[in-house]
Amino acid sequence: MSLNDFIKQLDDLVESASKQFEDAIHQVDHQVLEETRIEYLGAKSGKLKEAQKGLGKVAKEDKPVAGKRFNEVKTRLEELFQSAADTITGGGKKGKAETLDVTLPGVRPRLGHIHPITQTIDELKDIMGRLGFSAVEGPEIEDDWHNFEALNIPLEHPARDPLDNFYLNIAASSHGGGNQLLRSQTSTVQIRVMENKQPPIRIVSLGRVYRPDEIDATHYAMFHQIEGLLVDTNVTMADLKYVLRLFASSYLGEDVEIRFRPSFFPFTEPSVEVDMRWQDTWLEFGGAGMVDPNVLKAVGYDPEEVTGFAFGLGVERLCMRRHGINDIRYLYDSNTKFLAQF
1 MSLNDFIKQL
11 DDLVESASKQ
21 FEDAIHQVDH
31 QVLEETRIEY
41 LGAKSGKLKE
51 AQKGLGKVAK
61 EDKPVAGKRF
71 NEVKTRLEEL
81 FQSAADTITG
91 GGKKGKAETL
101 DVTLPGVRPR
111 LGHIHPITQT
121 IDELKDIMGR
131 LGFSAVEGPE
141 IEDDWHNFEA
151 LNIPLEHPAR
161 DPLDNFYLNI
171 AASSHGGGNQ
181 LLRSQTSTVQ
191 IRVMENKQPP
201 IRIVSLGRVY
211 RPDEIDATHY
221 AMFHQIEGLL
231 VDTNVTMADL
241 KYVLRLFASS
251 YLGEDVEIRF
261 RPSFFPFTEP
271 SVEVDMRWQD
281 TWLEFGGAGM
291 VDPNVLKAVG
301 YDPEEVTGFA
311 FGLGVERLCM
321 RRHGINDIRY
331 LYDSNTKFLA
341 QF
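Numbered as in my numbering, the sequence shown ends at 342 without a single skipped number.
If you are wondering where the hints come from, they were derived from the structure by calculation, not from laboratory data.
None of the values given here were measured: they were computed from a predicted structure.
Ideal Cβ positions, reconstructed from N, Cα and C, are used throughout, including at glycine.
There could be a bad hint or two in this list.
Stated by the list, open to error - Label pairs and their computed distance ranges (CB to CB):
(1) T75 x T236: 19 to 27 Å
(2) E140 x I38: 32 to 40 Å
(3) T236 x N294: 26 to 34 Å
(4) E35 x P64: 32 to 40 Å
(5) Q31 x G129: 15 to 23 Å
(6) P270 x E34: 48 to 56 Å
Claimed, not checked - Computed cross-link-like contacts, DSSO-like style, restricted to lysine-lysine with a CA-CA straight-line distance of at most 27 Å:
(7) K49 x K241
(8) K60 x K8
(9) K44 x K60
(10) K57 x K74
(11) K63 x K74
(12) K47 x K125
(13) K337 x K63
(14) K74 x K53
(15) K337 x K44
(16) K337 x K297
(17) K68 x K44
(18) K53 x K63
(19) K125 x K49
(20) K68 x K125
(21) K47 x K57
(22) K19 x K125
(23) K44 x K74
(24) K63 x K8
(25) K63 x K44
(26) K47 x K74
(27) K60 x K19
(28) K8 x K125
(29) K60 x K47
(30) K337 x K74
(31) K8 x K53
(32) K57 x K125
(33) K8 x K57
(34) K74 x K60
(35) K337 x K57
(36) K19 x K8
With these hints in hand, go ahead and build the complete structure from the sequences.
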């Protein structure tokens with residue numbers, strides 16, 4: 001999308017919103033006013049929210065101008081709403097609204113809105129739900145069995161190094177002992193589901209994970225993952241590629257490309273790194289593969305009867321890519337001026 005097209009879209013949005021807020025004033029109707037506010041400023045499906053997606057399609061060099069204009073339009077729409085609300089309740093001087101009707105409901109105070117990470121999680125759940133995957137949750141404090149051993153990660157593997165995990169000085173777990181730690185991946189939820197349910201299984205788990213990475217523009221000691229798991233008869237790598245392609249195009253648009261590179265993970269075999277090409281740039285956004293037979297055996301499944309695939313993607317990376325954010329720290333420093341853009 002060109003910068004001019006994006007700005008025209010925003011200008012048209014202001015023009016149509018102005019007319020509808022005026023209609024609400026002339027009707028002296030709080031219901032019409034609230035419906036108009038939701039239509040244009042709704043946090044989930046408002047027209048301003050929809051227009052914001054265009055930011056990601058504007059050329060990189062035009063993003064500062066586009067972002068500035070978007071913020072101006074957002075402020076203008078909020079002013080139109082507040083002006084209409086004040087007029088309808090008697091604070092303005094238009095038409096029948098000059099007389100204050102104390103029987104009308106009060107003006108709803110301005111509230112905050114959902115954090116961009118939570119918005120992303122909700123949207124990812126919705127996308128995977130349409131593909132038939134149910135969302136599940138699990139504990140953030142885990143034991144060695146669920147975080148490592150059941151996932152075919154042996155004791156000598158570097159991923160279990162104390163310097164690469166947040167181990168906790170608390171009592172051993174009820175699963176035969178072992179260390180307790182803040183989970184380093186949401187694959188632990190997949191193990192817990194498979195321990196208690198027989199195939200077929202089609203789930204996604206989303207939540208916080210913890211790794212003592214050095215904090216910089218692309219790393220944080222706490223971040224979010226979405227993990228997908230499908231276990232059934234005759235599941236193949238083709239099924240995995242199909243699901244990930246649908247997932248990427250649903251979240252980023254039909255123009256996104258997906259590629260797979262051979263890799264190694266203890267819990268999948270074969271394993272791949274997954275890259276996406278969007279706006280002429282390749283970006284790694286997760287790992288995937290066919291569930292290793294040792295993982296299936298660990299939860300009591302027969303790898304001769306069932307197969308499955310699993311994938312793990314970074315929620316922050318998807319959010320940042322979608323909205324053109326270049327530093328993960330912006331998502332966590334509680335700067336309301338930054339967060340108000342979403």
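*Regarding the pair K74 and K53, is the alpha-carbon distance no greater than 27 Å?*
Given pair K74, K53 holds - Cα atoms ~14 Å apart, limit 27 Å.
_Status of the given 26 to 34 Å range, CB of N294 versus CB of T236_ = violated, 19 Å
_27 Å limit on alpha-carbon distance, applied to hinted pair K337 and K44_ = holds, 19 Å
*For the pair supplied as a hint, K47 and K125, confirm whether the alpha-carbon distance does not exceed 27 Å.*
holds, 22 Å
*Are the Cα positions of K63 and K44 separated by 27 Å at most?*
With a Cα-Cα distance of about 23 Å, the restraint between K63 and K44 holds, given a limit of 27 Å.
*Agreement of K60 and K47 with the hint, judged by alpha carbon distance not exceeding 27 Å*: holds, 23 Å
*K337 and K57: Cα distance at most 27 Å?*
holds, 22 Å
*asked:* Given the hinted pair K60 and K8, is their Cα-Cα distance within 27 Å?
replied: Answer holds: K60 to K8 is near 18 Å, not above 27 Å.
_Holds or violated: K8 and K57, Cα atoms, limit 27 Å._
With a Cα-Cα distance of about 14 Å, the restraint between K8 and K57 holds, given a limit of 27 Å.
*Hey, K337 versus K297, does the alpha-carbon distance stay inside 27 Å?*
violated, 50 Å
*Can you let me know if the beta-carbon spacing of P270 and E34 is within 48 to 56 Å?*
Holds, since P270 and E34 (Cβ atoms, about 54 Å apart) stay within the stated range.
*Is it true that the CA of K337 sits at most 27 Å from the CA of K63?*
With Cα atoms ~17 Å apart, K337 and K63 stay inside 27 Å; holds.
Of the numbered hints given earlier, the model fails hints 1, 3, 5, 7, 16, 20, 22, 27, 28; all others are met.
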